[in-house]
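J.: Here is how the chains run, residue by residue.
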Amino acid sequence: MNNRIQKLFAEKQQGLLSVYFTAGYPNLNDTVPIILELEKNGVDLIEVGMPFSDPLADGPTIQQSSEIAIRNGMTIPLLFEQLKDIREKTQIPLVLMGYLNPVMQYGVERFCKKASEIGIDGIILPDLPLSDYVREYKELFEQYNLSKVFLVTPQTPEQRIREIDAQSNGFVYMVSSASTTGSTSGKSVENTGYFERLAGLELRNPRMIGFGIHDKETFQRACNHSRGAIIGSAFIKALAKEGSLQENIRTFVQSLRN
Amino acid sequence: MKFTVDDYGFYGKFGGAYIPEMLYPNVEELRQNYLKIMQEPDFQEEFQSLLKDYVGRPTPLYFAKRLSEKYNTKIYLKREDLNHTGAHKINNTVGQILLAKRLGKTRIIAETGAGQHGVATATVCALMGIECVVYMGEVDIKRQAPNVARMKMLGASVVPATSGSKTLKDATNEAIRDWINNPENTYYIIGSVVGPHPYPDMVARFQSVISEEMMAQLQEKEGRDYPDYVVACVGGGSNAAGAFYHYLDRPEVKLVAVEAAGLGVDSGESAATSVLGKEGIIHGSRTLLMQTEDGQVTEPYSISAGLDYPGVGPLHAHLFDTKRAIFESVTDEEALQAVLELTRLEGIIPALETAHALAAVGRLGAKPDDVVVVNLSGRGDKDLATYLERFHFDE
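Chains as they are written, first to last, in our numbering: chain A, 1 to 258; chain B, 1001 to 1395.
Calculated directly from the structure, the hints in this document are not laboratory data.
Where is the CB? At the ideal position from N, CA and C, for every residue including glycine.
One or more hints might be untrue.
Stated by the list, open to error - Computed footprint of chain B on chain A; a stretch qualifies when at least three of its residues, placed anywhere within it, have a C-beta under 8 Å from a C-beta of chain B:
| id | segment |
| --- | --- |
| 1 | 126 to 135 |
| 2 | 147 to 154 |
| 3 | 224 to 236 |
Said to hold, decoys possible - Mimicking DSSO-like on lysine-lysine, the simulated pairs with C-alpha atoms at most 27 Å apart in a straight line are:
| id | chain 1 | residue 1 | chain 2 | residue 2 |
| --- | --- | --- | --- | --- |
| 4 | B | LYS1152 | B | LYS1142 |
| 5 | B | LYS1013 | A | LYS113 |
| 6 | A | LYS138 | B | LYS1152 |
| 7 | B | LYS1101 | B | LYS1142 |
Said to hold, decoys possible - A short, non-exhaustive set of chain B residues, derived as facing chain A with CB atoms under 7 Å:
| id | residue |
| --- | --- |
| 8 | PRO1020 |
| 9 | MET1022 |
| 10 | PRO1025 |
| 11 | SER1163 |
| 12 | LYS1166 |
| 13 | ASN1173 |
| 14 | ILE1176 |
| 15 | TRP1179 |
| 16 | ILE1180 |
| 17 | ASN1181 |
| 18 | PRO1183 |
| 19 | GLY1280 |
| 20 | ILE1281 |
| 21 | ASP1294 |
| 22 | GLY1295 |
| 23 | GLN1296 |
Okay, chain A solo, but in the shape it has when bound:
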């Protein structure tokens, strides 16, 4: 498999910044402007969230952005429509992230085919179990050159981490602590024992840390233990501020790296 995600990790060794946003939030047609503005400000990878009514792994911020996005009219067919010419505008690696049910209703094969045609590089579906993926969908994802990214947590046993590493490609998404998204309780990037344990496993996939990363300090700390970090809820909050999309995005990304 060779797509923009593999290329990114081959070219850039550290300090990678991946940003998540919910498609359809704050406004229905913000999807493409947000992607382009994130790229302009030096973000390395973008996770486009497909909103779901019952996002079990998400905290209040992404629950609310999802609810608003659905109310605004966001659907998978509409998202594909918005993204259909995205590769004429940017080559930044793009990952679609969401829950299994909406993808199932769209049709998994149809979904993979369409995503691949548009130039999507990877998929994250937190509630698609590894065993089901391997049994039913792995061949499909590989056929369409889509990286399938899985999560691991501080509670994931080593044997399972190795299995996840062997069956997936792109990167391993390390959930920083036992929590839903958007937790800023402080415990998020402190579990250095867990980070070092994973570093010691010498996985074939690069590692990114997400959940609870929300400012320069937590971003730096995550980068010290992995190839980079993923930020979602904190970015969604930044989008909700007064001012233009461009300004909010610029201010937020700069606050992490400067």
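We have chain A already, so just place chain B on it with the hints.
T.: Chain B alone, transformed into the frame defined by chain A:
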């Protein structure tokens, strides 16, 4: 046809464990241990002894003479309403709390709709001296006030779920998120045959005492261990799973699952999942689910908080799919009439959930010699405010 769960946690094409990785270690721990623990002699001894002396089992199988005369068939009521805390829910919470203790867990969480499962959980937590947190939709907190008060009195924290429709679905989401945030010390007592494998199978096994007793009681009263019909209401479906369990492989027994039609199946205000749902994923399980074309879960409606759920347990989805069970749906109005009917004919005030099962009896086409068992899953104390408001006894 096979109606028990397979090695992967599926009933036919329904079931499984569609959970985020954060829940995997806990669910896997449970999957590997539940059958082993449930079969241990000291577990069984403690469980059976609590069912007998604490819950008050066996519950009677009562021949409802006047109701039988009205419908011209032989109707028995399986009196789960006479259990401690007033419903079948406690059969399962007694089992799961013993399991949680053996897994070394020190904090219990639960979701509740009508509050019966919340009360049953708070009760066993008080009994065992374990911390208890119950998630309940904000809407349900308002319409089931007596049960909220009982949970608080028992020492549980009741946390309102304020997302989505603010009912059972959302309370379940919040309980699952709590578990993600507290993976080490916490055990989640799910109240119905829903959720990721092994929950549907485990809860069905704990509730199967209902049909186990029925067999012995029918043998004594009718000279055969099975009825012609077993009728039960279905939200998630735990009382139905328990009442059907030992008859699943007995085709001579017609299984009747009664869903809440709300204001009517076509009204847009309904919770009749088998009619309105299609295959999807909810709360970690592949099952029938009420949803939009785009796969967003829709808000169900029923006057009964315990049936107000957009999914149904995977066992029931399989029973529907294979036509092993007959699915009926009953409106708010029909259920209310059935409440009054049972109250005036037999002197038993049933819960709103249970009334849905009662309301379906007249449609079965049962013959005078047929034996019909209705699982009287709960009593109506918690619904008195609704009954007084709807029946206008003072006018």
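J.: Checking against the hints above, which ones are violated?
T.: 3, 6, 7, 12, 15
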